[in-house]
Every structure is written in structure tokens, then in C-alpha cells.
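Chemist: Each chain, letter by letter, is given below.
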Amino acid sequence: MTETEERTGPPETLIEPIDMSKLDPKFRKEIHSMPNAEELSACFACTTCTAACPIANQWNYKPHQLIRMILLGMREEVLSSKEIWECLTCFQCQERCPQKVKVTDIFFDCKNLAAEEGIIPPNVLALGKSLIEKGQLYEVLNDWEREDLDLEAEVPGLNTDTIKEILRGTRTGRLVGGEK
Amino acid sequence: MSDPVLVIGAGVAGMTAAVELADNGVQVVLVDRKSTIGGNALNLYKAFPTDDCFYCFEGNRWRPGIRKCFYRSAMIDQPNIELMTNTIIQDISGTPSKFTVKLVIGPQYVDPKKCIMCGLCVEVSEAFALESPQCQPQAVTYDPSKLDEGAKKAEQDCPTKAISLDANPSEKTITVSDIVLATGYHEMQPVAVDEYGYGVLQNVITQLELARILDPNGPLGGRLVRPSDGREAKRIMMIQCVGSRDENYYPFCSKICCVFALKHANIIANERADGRVSVVYMDIRTYDRHERYYREAREAGVEFVRGRISRVVSTEDDTLEITVYDSLLDKYLRFSIDLLVLSSALEPPEGLDEIIKTLGLKTASGYVGPADAASEDEVVVGEHVYACGGVLGPAEIPESVNQARAVVSKILQGRK
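Residue numbers (the working numbering), protein chains in the order written: chain A, 234 to 413; chain B, 175 to 590.
The shape of chain A in the complex, shown without the other chains (with noise of 0.2 Å):
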């Protein structure tokens, strides 16, 4: 019998625990540092945000986590996460939060550091890339629509060319890449 075999001992939990020295903890101050995050630390996890959104119990980060791995400096799994997209920007835990921390504009904060480092889900980048083309999000296609109501196939006098332009020099026209 062999005792050679190299042993690195038990797991200490089945999961492999996060490296908090492989985090980021200037993420705080970076998000910290963005417009209307100035009480992101003022979190004290009371949950009260997560209570109050309408689509949290579908997310695997809710809100007050999203908060806490902020604050924790996990950048990446912030960033890359779904959730900060799939916020339905109804305010409601920002209007409830007992430490006034402006959760809905933190995570605007977190897609606009997301969509800087090009982390844009696709359905969002098509959206994007649409408005820029088109210079609006919902085109009338089907034109029988609008001769059922008797009314003529194009819609009279729209012109989208100036919004367009104002577009391509914003930062949605240079995120989806909208060169001229």
C-alpha cells in the first residue's frame, strides 16, 4: 500500500471560495466616484430594495447582492451580469431605501461602465443599432396598417435624418459602432 499519493487535504467547502485578493477594491471607489452613487456605501443590507423589485425573484444577483459584490469589488461579475440590464428602471427600490443609496441610477452607473468596456447584451446592441439606422426604435412596416385606418402608406413628413446625426455623436452612436 502506497501512503505517497499527495494529499492536499479535505475541501473546506464544496464550492471553492471566492479570493477576495483576486478582487477589485477599487470598484467601490469607481462606481463610488459616478453620478448619483455618492451613498453606495451607505448599504447596510437590509434587503429592502430586493423586497421592492418587481423582477428580482427572477434574477440570480438580486438587487442588495448586486450592492454587496460592488462594494466587495467583484467588477467583472458585475458588469458582465445580465441583471443590471434586465432592470426595469422602476425606481422602486431607490424610492424605499432607508440609507438613501440611489440603487436604480448605480446600476445605470454599472451598464454605463459595462457598455464602455463593450459588455452590451445583444438584444441591446441590436437596439441600439437600430435607432442609430433608423433614428427611431419602432418602424411601421406593415403598411396595410395604416391603410386600414385610411390613412396614406408613409407617415407624412417624417424625417429622422437630423435625429440620426445627433445620434452617431453620442455615446450610443459610438458604442454600437455607428460610423458614418
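Careful, some of the hints might be misleading.
Said to hold, decoys possible - Okay, derived cross-link-like pairs now, DMTMM-like style, lysine to aspartate or glutamate, Cα gap no bigger than 25 Å in a straight line:
(1) A:Lys259 to B:Glu470
(2) A:Lys262 to B:Glu465
(3) A:Lys315 to B:Asp504
(4) A:Lys335 to B:Glu383
No wet-lab data here; the hints were simulated from the structure. Since this is a predicted model, take the numbers as computed values, not measurements.
Position chain B against the provided structure of chain A, taking the given hints into account.
Modeler: Coordinates of chain B only, in the frame set by chain A:
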């Protein structure tokens, strides 16, 4: 003339009761088993809620002539107070308003009336120590278990002949009218809570030990260092409710440890360069107005992790690898930490149960309970027996002072 009042314990509560009784013309015998008065508060560094250093606690600056350190200097100067340090209660008998108390006074190795705190003995012998420059009585202390050659030399060379190494204990029996219990609390030494490694790993300490490290008057001059190697400690973790709210140790909430811990976390985060603090907690109970400590801590960047420590492992260079379960995230986190500080339960002091038994008092979780739980006189614990401060359960300083004054008022009313 009436018999004196006996005050047991010369901490915040006992000193307040003694000095206010004395100021009202009542004779007081103030007894403490230690050789320096001040109790736990002496080791707190900054005391909440005012963040004053206790040495300069100015709660009673109205007292003419003495502003700072007033209680402790009054203990010596007020003629109505007979201060007996190094003294324990051997026995209490008699009847209420006529108690007979047998005191055992430890050997007086250093006569505080003669000691001029020149420091000669401290230099030549390990057995002598100066607790602090502001200690009361103003004298060095002697530990007979550390007797060495230098001690004998110190005895001979002492310029005021204040040292007597072959001093003997003595006994004294007094008659007192009332007894005030002010024996305070004791911080549990959490050796039994073995998952944290206290008593095994040098870099695992308690909050009171941390207060000593942070105190500029303390042995390390206020440098935040690891006990194992004296290297600067930058990453600190605190764990709350060690032995408190735990049916295996003490079922009650020790009440002041949350604020205690936050006070230290704020000092480290705001006053020590690169100090990073994480607090692992089940609930943060900053009762009353102390909530501000919690908010300040969060603003200062103190990291709060709700959960418990899974395990603590010391690496070769004495760094602690700590795994924490974060119950809010439902994830396990691994930290590398220099110093783990346990917010240990505050327990009744040794010997209190005997006093409770002798006097036939009621108990509340090991502490002294009020005689009539339904009444609002929580300081009245028996016939002519009163209690104030930590002896009624963990208490902050203003609370102890208030209770002491309530006791004084009760005694004065009884004597009218």
C-alpha cells in the same frame, strides 16, 4: 454617626457612586481587588459615546479645581473616601443596614504614599511595572511571581523606601450600612470557541486586547502591529457575537460589543495608514444614538460581511487565511488577514456568584438582577444593597454613571 457605605469595585460606576456619596457627606469605603483603580474603562483607549480618552473623561468638569482625571484623583483626595486597593471581600454577614464585612487586603509591596514613580525599580526589575503615568493610586505595581535579583536591588535603592518585598496580607472587619455592588463585567477569554483559534494563534485577539494595542498610552505606543512578529497589521477582520447570543456560552446580547468594534474599526480606517477592516456579523446592534458609528464605519470604507467564519488557517508567515460564508451573497469568501479580532462576550466577573449567594440576591443571566423586577428601581437589588454599572449587565459609560447616581440618590433618601 452612621456607618459608612461599602462600594465594591472602583470602575466607572463605583468611583461615581463613591465620590458623589462622599461629596454629600457620607463616609465611603471603596474596595477594588486590583492595585490600580479605573476598571475596564482604563483599557478602552477612546470610550464611546464621546470618543474621549478615559483618562481625560470630562463628564463632571463642574467639580471645582479638578478637571481631568477627576474621579481618580478625588478617590485619593476626598477625605470621606477610604480607598482600599488590592482588597477582596472575604465574607459578608450581619443584617441590612448593619452588615459586617470581612476584607482581605493584599500585601502592600509598594506604599503609594511614598512612591514617587521615579522608575528606578522598573528599570532594574521585571517584577515592577507602571500601569500608566496617570494611574491611581500614583504608584508602581509589583508582581511577586516575577521576583528576580533586580527586585531586591530595587527595594534597597528605592529613594523613598517605598518598597517592602516581604509585606504580608492583612485582614480587616468593618461595619457598613449599605453595600453598593459595582464589580463590572469581564471580557470572556474565548478559548473554548475553538474555530477561531484564540489562545492558539497569536494573531487572534479580543476587542479589549485591540484597544490596548491602539492606545497611545499602551505597551506598543499605539502602533497597530501583529502580536506574532511585531509587523504592522494592515488587514484586520473582526467577528461579532463570539460567545454572546450563544446558548453554549452566554445566551444574552452583550450589548456594547457592536459599538465597541465599530469604534475600533473607525479608528483603524480613519487614523491608520492603509488600514483595511472587515467586520463579520450576524446583526449589527448599534442601539440608540450609536447608529452613527455604523454609518461612519460604512462611509470610512469598513467592509461588512453578514455571515460567519468557516475556518481560520495560519500560514507560514503568520498571515491568517480566513474563509467566510457571506449569507447575503450566498457565497464563500476567502480573506488574507493580519489580525483577527474577536468581539467576545462580556461575562459576570469572577466571584460575583458568591456575593449574590451570600446576600441572597436575584440573578439575571449570571449578573445581578433587580430585587423587584416589576419596579423601575433597577439599581435596588436587595435591602440596603444596590448595584450600578456592568454588574447589572454590560453597560456603556453614561449608563453606568446614571445608575451610580441613582444609587446615590436612593442611599441619600434612605438616610434623610
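Chemist: Does Lys315 (chain A) pair with Asp504 (chain B) here, judged by a C-alpha cut-off of 25 Å?
Modeler: holds, 18 Å
Chemist: Does Glu465 (chain B) lie within 25 Å of Lys262 (chain A) when you go C-alpha to C-alpha?
Modeler: Holds, because 24 Å separates the two Cα atoms, which is no more than 25 Å.
Chemist: Lys335 (chain A) and Glu383 (chain B) were given as a pair; does the straight-line alpha-carbon distance stay at or below 25 Å?
Modeler: violated, 39 Å
Chemist: For the pair we were handed, Lys259 (chain A) and Glu470 (chain B), check the Cα-Cα distance against 25 Å.
Modeler: holds, 19 Å
Violated hints amount to a single one, hint 4; each of the other numbered hints is respected by the structure.
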